[in-house]
Amino acid sequence: MFKGKRETSDGKFALMLLFPSIFLIVMLIGYPMLSNFYISFFEQPINPNLAAKFIGFENYIETLRDIEFYKSLGITLLYTLLVVIGSTLLGLYVAILFNRPFRFRKIARSLIILSYVTPSISLVFAWKYMFNNGYGVINYIGRDILHLFERPPLWFDDPTSSFILVVLFAIWRYFPYAFIAFLAILQTISPVLYEAAEMDGANIWQKFKAVTLPAIMPVMLTIITLRTIWMFYMFEDVYLLTNKVNVLGIYLYETAFAFNDLGKASAISVLLFLIICTLIILIRKRVNLNASS
Amino acid sequence: MPAVSTRSTKIAKKSSFYLGMILLLCFCLFPFFIMLMTAFKSSEEAISTNPTFLPKEWTIQHFLDIFNPGIFPYLTYLENSFIVSMTASVISVGIAIFGAYALSRLNFKGRITINASFYTVYMFSGILLVVPLFKIISGLGLYDTKTSLIIVMIVQTLPTAILMLNSFFETIPKDLEEAAKIDGLNRVKVIFYIIIPLSFAGIVSVFVYCFMVAWNDFLFASIFFSGAENFTLPVGLYALFSTPDYVWGRMMAASIVTALPVVIMYAISESLIKGNVTDGGVKG
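Chains A and B are the protein sequences, given in the same order. Take any residue in the first sequence, count from 1 to its spot, add 16: that is its number in the working numbering. Take any residue in the second sequence, count from 1 to its spot, add 1399: that is its number in the working numbering.
For the record, the hints were derived by calculation from the structure and aren't laboratory data. No residue lacks a Cβ here, since even glycine has one placed at the ideal position from N, Cα and C. Mixed in with the good hints, there may be bad ones.
As the list claims (entries may be wrong) - Using 27 Å as the maximum straight-line C-alpha spacing, the simulated DSSO-like pairs for lysine-lysine come out as follows:
#, chain 1, residue 1, chain 2, residue 2
1, A, Lys223, B, Lys1412
2, A, Lys301, A, Lys225
3, B, Lys1573, A, Lys122
4, A, Lys225, B, Lys1413
5, B, Lys1412, A, Lys225
6, A, Lys122, B, Lys1413
7, B, Lys1573, A, Lys28
To be verified - Simulated restraints on C-beta separations:
#, chain 1, residue 1, chain 2, residue 2, range
8, B, Leu1659, A, Pro117, 28 to 38 Å
9, B, Ile1595, A, Ile83, 21 to 31 Å
10, B, Val1489, A, Arg119, 51 to 61 Å
Only chain B is shown next, with the shape it has when bound in the complex (with noise of 0.2 Å):
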């Protein structure tokens, strides 16, 4: 029997560790706390050299400034992000379910030396092939177009995507397959009906990875596109504000709701994935 611990000591214990958690809590969370806050503030308030934590005198002004188009063209860099982002990322899984399924279940030479080489690929990427990609883009012409950072996000997620999904096509039964072979469906009808619908909370966390690449990428997007009518959330942001006149609301309210939609995805994808190690083993 261990040793028994004592009500107070117990007590001091649990006191401990809810005044570390806050702690933590506090240093991954204050950057937001201070981007909500200040995105509510007034303008003046918002510079003062006396900050304060809560805004003396709330105001959503900023927020609707953001979505005017005549102060600020957000709207169209929102579009723009989620042309990109979305298409990228349905081709990428599109692509990446059959690629996984192959690498999963199939039998065929080569496949470890595949497998290998998308775990090579999946390490060095990025900064290492902008020049390169620059070239071919311009090359292909489409310079300042949409389509070369669709293009682009594709390959940048696709390695991932295929390990992810092939790591997740591992957990479903290999009899559940046969069964329905038996019953007369081909492969093909195997990964729509079998592989598909149930690994579908994979497949979305895999679509939340894609979608979050090509939502937050600011190299590829600052390289490709000249013309501000082109431009994502994180370029266009950052070339606005790289102006002298900063209000500071404005940034803060833009801030947060660039990073809304990537954050309800994720929140989503987490409540999908029941009973998944991270949050099951605490039982046993």
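The following block holds chain A by itself, in its conformation from the complex (with noise of 0.2 Å):
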């Protein structure tokens, strides 16, 4: 009798407090979200004043037979994957270089979260400078220093070299995210495992596989499936960084506020939606596939 007392006062007193952000949720993400399948069957004119005029699926066809909307994926698809390999696996790899004692071992840690933090504006234009043609530090290093190259790679003007700095840029930026998860869960593995490991004769790699990986596994998986959707839906870093690289954000984005077709970039929203659930739903598929081989 006191208990469902208590349950029905805690529902009511619940809903007060989850109220403001419910209401907040389901009007600017809920509904947005909804209304971006509404839009999509709409041409919308430029003047917001006037009627939009429903096409039916014309703005789906319209983008499905883009060339570009093809060529975006596959540069989008390519990018998510580079960057959710390389920033997963430095990050790991970083986390178990940290994973001891040693002296300085917080202040490291600090600089490297640095550029996790840090506006990617403010990176941008060091990269930029960095990598600029003419008196860029990175050309005089590999050319004038190391010899890598005779003729540098004009670096922001060409689709293949934007493409690999692009790259670059997020897994530099990206892989500190990777590293504090990593290093969190490591630090709750037992020391006992692994001199259990050794006691059996288990190599290095012996003793990652049977003792590190099964432990990290549900990190690794949580951060893999962010990272990817992350990368996937990827629009500032790369918009601000170069105009050759064109993922499916800046496809979406030039689609809605250069060409002011927001009807069609709202079907391209619901399909880049249906796309991250499918990679979503295949990487899950495969990782509890190997999981459980």
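Got two chains here, separate frames each, mind docking them using the hints?
So, in structure tokens, the structure goes:
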């Protein structure tokens, strides 16, 4: 009897506390997600006072017929794949390196996180300057000091070198996220497990496979999933760095705000959403299979 | 007993570890180093075809320039960024504290569903919502106002803030709350007198997260603002430096000053969280 009373009052109180959060999220995330579907069936005139025209699947057909969309999709998938692999592995490697006490550990950790907290715009300026064709320090080091190349690539003006830069930038910028998450989980692994494995004569790789990997698997899965989503939707880093790498985020942004085609941009949003859902399901399946085998 | 390693292999191991650490830090910090040094170089030196790592002549002119309204509206952008990020983070954290408390402490129907939907929302946002949010903001007559960005930043940070606070609140022992209730505190008072003080470090780090998201945002700021008087730092700097006459030293000085607030806040929040998993576990 006492318990029943408490639960009803909990319900009301909880609703009161949660109301602002739920209200805002429903109005400004839930509703917009749905309204993407709605807008995507209309042709939106540039003048907002004019009525939108219902055109059915026209926006979708137009997008799916656009060769640029497929190019962009290919670039985005490759970009996502490389950055997810690169930043996760580097993050894991650095976390393992840090998973022992050493001098200056705390300060080194803070310095590594620096690229992750700094605004993109600041980092982009530094990179643009470093990779500048005329007086960039990278060309100077690569050509004049190390003699890696005779004629340096036109970093930001060539699609291939721009792509490499954009991937490198993202790995550099986002590996600290994986690093922090891996370090936290690595520190919960009991050293006893490693000692036991050592007694059984396990080498470094075997210890990693038998002790570390199973322990970090859930965190790894989360990192991969989240990083995949974030890279797939990437807009600003790429947009600010170069205009030669047309990822889907930029394709969508320009359709909406350079060509003012909001209907088509909404159709693209819906398509991106469907693609990312498929990707996530694939990742989850794949990793689960590996874990069980 | 593990094999006894000799003194020399120990030293070799140690020095290769520190060498690796130095290489890693170089990789991580090189762009920051270049940014800092260029900010102190004269404009001619910055575009010399024989680049140097350290300035031959140090100058603070670029830092003076960015704070000179006659040259550069940097202060306006800085102020706008502060207003937007501060307002959005305070409101977001404030709302999230109550939401997270309900999710972590109260029993009610739909709790699991709500939690799961916050997780989903946390994963899908940003560029996907650009078109409908633009329409909503225009529809509300908020286009080209700071309010538009504040509202959107609150919602962009809210799901994460709730989830983060939720996990901080979970670490507070429930007994403390029970004891406080026996002492006659009601639930609202429990939040203010028990939950908030005990999770202060957590709340600060959530605040810093929200501030960082709003401070760093370029996407929404670039579509919501048309007049430079509302520009936040990322759009303001981008617009200014899209002009052909770059002054690299000034750009680097502006980059540093733009990065400083979030870096400092991050450092403070890191030092507040004592003995968390990341720092503490080594001893065990």
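Structure-based check of all given hints:
1. Lys223(A) x Lys1412(B): 19 Å, holds
2. Lys301(A) x Lys225(A): 20 Å, holds
3. Lys1573(B) x Lys122(A): Since the Cα atoms of lysine 1573(B) and lysine 122(A) sit roughly 32 Å apart, the hinted pair is violated (cutoff 27 Å).
4. Lys225(A) x Lys1413(B): 24 Å, holds
5. Lys1412(B) x Lys225(A): 23 Å, holds
6. Lys122(A) x Lys1413(B): With a Cα-Cα distance of about 18 Å, the restraint between lysine 122(A) and lysine 1413(B) holds, given a limit of 27 Å.
7. Lys1573(B) x Lys28(A): 20 Å, holds
8. Leu1659(B) x Pro117(A): 28 to 38 Å: 30 Å, holds
9. Ile1595(B) x Ile83(A): 21 to 31 Å: 56 Å, violated
10. Val1489(B) x Arg119(A): 51 to 61 Å: 39 Å Cβ-Cβ, so the 51 to 61 Å window is violated.
The structure fails to meet hints 3, 9 and 10 from the earlier list, while all remaining hints are met.
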